[in-house]
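J.: Heads up: the protein sequence lines correspond to chains A and B, in order.
Residue numbering for the first sequence follows this note's numbering, starting at 1371 and increasing by one per position.
Residue numbering for the second sequence follows this note's numbering, starting at 1371 and increasing by one per position.
Check the hints yourself; a few may be wrong.
[Stated by the list, open to error] Here are the simulated lysine to aspartate or glutamate pairs, EDC-like style, with alpha carbons at most 16 Å apart:
no. : chain 1 : residue 1 : chain 2 : residue 2
1   : B       : Lys1401   : B       : Asp1383
2   : B       : Lys1543   : B       : Glu1737
3   : B       : Lys1401   : A       : Glu1590
4   : B       : Lys1405   : A       : Glu1470
5   : A       : Lys1401   : B       : Asp1595
6   : A       : Lys1405   : B       : Asp1849
[To be verified] Selected chain B positions facing chain A (in silico; Cβ < 8 Å):
no. : residue
7   : Gly1406
8   : Ala1408
9   : Leu1538
10  : Arg1562
11  : Ala1591
12  : Val1646
Everything labelled a hint here was simulated from the structure, so no lab data went into it.
Computed from a prediction, not measured in an experiment: that's the story for all the values here.
Every residue gets a Cβ at the ideal spot worked out from N, C-alpha and C, and that includes glycine.
Protein chains: 2
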Amino acid sequence: MDAKEEFLNLVRDMHRLTSLQGHLGWDQETKMPPKGAAARGDILAWLASEAHGRLTDARMGELLAELEVGSLDADLGANVREMRRKYDEAVKIPSEFIHEFTKTRSSALVAWQQARSEDNWSHFAPHLEKLVALTRQKIELLGNEGTPYDTLLDEYEVGMTVADYDPLFAGLKDRLVPLLKSIMDSGVMIPRLPEGMTFPADAQEAFCNRVSNAMGFDFEAGRMDRSTHPFCAGLWPGDTRFTTRFDEADPFSCLYAVMHEAGHGLYEQGLGAEHVFTPRGHAISLGVHESQSRLWENQIGRTAAFWKVAMPWFREEFPDMPDWSPEKLDLVANEVKPDFIRVEADEVTYNLHVMLRYEIEKMIFNEGLDVEDIPATWNRMFIEWFGIEVPDDTHGCLQDVHWSMAAFGYFPTYTLGNMYAAQLLQAMSKDLGDIDSLIEGGDWTSMLDWLRTNIHEKGSVMTPAELIQQATGSPPAPDAFLEYVEGKYGSLYGI
Amino acid sequence: MDAKEEFLNLVRDMHRLTSLQGHLGWDQETKMPPKGAAARGDILAWLASEAHGRLTDARMGELLAELEVGSLDADLGANVREMRRKYDEAVKIPSEFIHEFTKTRSSALVAWQQARSEDNWSHFAPHLEKLVALTRQKIELLGNEGTPYDTLLDEYEVGMTVADYDPLFAGLKDRLVPLLKSIMDSGVMIPRLPEGMTFPADAQEAFCNRVSNAMGFDFEAGRMDRSTHPFCAGLWPGDTRFTTRFDEADPFSCLYAVMHEAGHGLYEQGLGAEHVFTPRGHAISLGVHESQSRLWENQIGRTAAFWKVAMPWFREEFPDMPDWSPEKLDLVANEVKPDFIRVEADEVTYNLHVMLRYEIEKMIFNEGLDVEDIPATWNRMFIEWFGIEVPDDTHGCLQDVHWSMAAFGYFPTYTLGNMYAAQLLQAMSKDLGDIDSLIEGGDWTSMLDWLRTNIHEKGSVMTPAELIQQATGSPPAPDAFLEYVEGKYGSLYGI
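Here chain A stands alone, though its shape is the one from the complex (with noise of 0.2 Å):
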């Protein structure tokens, strides 16, 4: 067996066990009974040890070495430049180190719902306290140049880091804040659905077939599932799961979920098959991966263009919705408004809520923040940027679960899916025409294939960085997102 076939043999088994832990994680969200936890826990964490015993094998670092020096085809060179970044960071953590870390993980994710559940900071701000201490410790084992906060961005999404981010992100407040000004003084009413009308959940899961076979993900490889917090899970060719959640006043939250979660959808499935268990036939990153979700969820599903073609399947499931039109729904769609959840808000006012936790990320890693300061932070600063003020920390710095996760530096990958999904838009127009007649006409394959050949295909061939820029023509940047919107709700709000 040659260097090759044995480095990637190496490198299948230990995305093999990767997989198997996606595959039971899908579960453990959909089909798991309760009293399953403790052996589930004990497997999940026996998975992760056999696969990080793979990547820290001794002989993928020698295989690493030798490969190095040779010359590579463009997939092996993917496979070999992941594999080298994912082993020079695992090997620098000790097997302590992650039995800790995870422990500590484990028992700050239930700490944090109680604390949660009964609104009492306190209760999780000590499990915060050792989280925030072991990655402090964590960024000094990996021994990074750059800033602190610098290490855990680039977990996220290779190559960010707070030089790139800062006036990316500055850029976008300074635009976003008086857009969301002129909206909110813009008079405009939100319809509303009328009072105590009802959308059974298996009309809504009806509907939301339809859109999804609409957008083109293949229920032949893969299924939707119910869970608690919709999610997506690509667990090797030809299976690709995602969940949603039915809320029977509200159709519309369960649609976007949808859209949103099929999109991630559609990047699994574009991913090539003959690359599967490497890091070639993975997504390349978050950021892209959002890019994907958020470009089926609000570019084409939150348009009246949607719902021209939407409203007839709408009208089929529920037959006592009035008889309101396209641009009527379009509206509802994109209702603007300042509010404390992140996972429940409008283009406008999300990025916003992803730059306020990068904030308090950068003042904790960077500037020594203290983790009991940081619901007065949090607050002090919503009311700057939000205007209003929060009523409790459940609607405040306790609402997401990444915190307790020790996900520190994940947030901005949200900001990033926006933008990029903003300039695949702009550069998928300049291909196929104008985008809102494509959405119209009904038949979005063309757009798919322009994903799958630009995006999916390509897998982790590139950084995200090259991606985005072959993709494009032009860097990871703002502009596109900033336009789109400022058009888009320039014209719904008449501003």
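Starting from the known structure of chain A, fit chain B onto it as the hints suggest.
T.: Frame of chain A; chain B shown alone:
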């Protein structure tokens, strides 16, 4: 780490891998999208080979040898005994052979499905020939004492040989054939459901949920799903899953499938969680497992006493059902009729189906019966034993999946299950009093507790024969079953 800990760690790793196969198997039958099949095959084969690697690890041999010279407590002793058996067998089989066998089985399964749907034996025969040849090779590799078929029988129920089965089956046949004849001559008419009446799947599901809850199946530690063929998968502590299917023209088929699978499930739920991922925490044998399913399905479920309890639930779900007495329903549930399909057979003819397969397998491996002669042999024996002519191979030698999986030696464990169940019922009755009165009382906890104490909690601490001896005071024997079946059907059919 001492030898015991190192041994148990290796054993647990192996069982984590086989449990993951079980989980993916469940998912494959209930949730997997069709295009996921190829990657699923890859990952299942990989898990099998990883598990085999742990089992045949040189350390396993060393640790077994080291532990066997010391004095072991009962739990560790059981684990050493079971692992020794598996290890000795596994190290005799080269991995190239396993690879070849697995590949041949995969294509045989596909060929069998096609042959069955086209009623075309000759499409399946060449695959079966290969499987028989490979199985003969495997018997040689294992090099056990006794007849060739003994090696296969022992794989499915340790300690059982042709010398054990032959007299047992002869004894059964001697009394079952005349019993069947008397029943057929009795002239008793079986009531028929009203023409065209349907039993909606949702209502059947609700009814079956109620029954399995009454049995004591813990739905907080398990679930019920749908699949083409009902089965039960005991994954790990707190997570036991069984399946069923719904025929809207016939509510009994689903009910008894559920009682059967939930019976398996109760065994799995009663195994000691402290022995997770070791043989001690697993069911001891197929025969004992089948005794648990058959006891609930037949000896509890197919009685007038059961219907006295279940009738109100049944009528709540199916309000159009005529007001039949429990005795009338009991007769419907116990219709005896010589027919072609084993899985649909009643308690009287069921074991004859098993014996016919046993005889043919014995001829193949001990007497050199050619694969091409199987259909004629089957059909000739069938008319002799059942008095009816097999119309085609789909209703004859193509009906079961087992041979396509090379599961030669498996069938007899079904009859052992029936025998054990009857012995257990007798013993239970000695401890708890009249079983029909207990069933009729509607609280079945004491029966489940008895099974928990005498069977479930024992896991693999003893061999099957020792377990039956300890639980019932007698070695495995057919008398209890014959008494049960002659008593029950004699009274039902007025013989």
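J.: Of the numbered hints stated previously, which ones are contradicted by the structure, given in increasing order?
T.: Checked against the structure, the hints that fail are numbers 1, 2, 4, 6, 9, 10, while the rest are satisfied.
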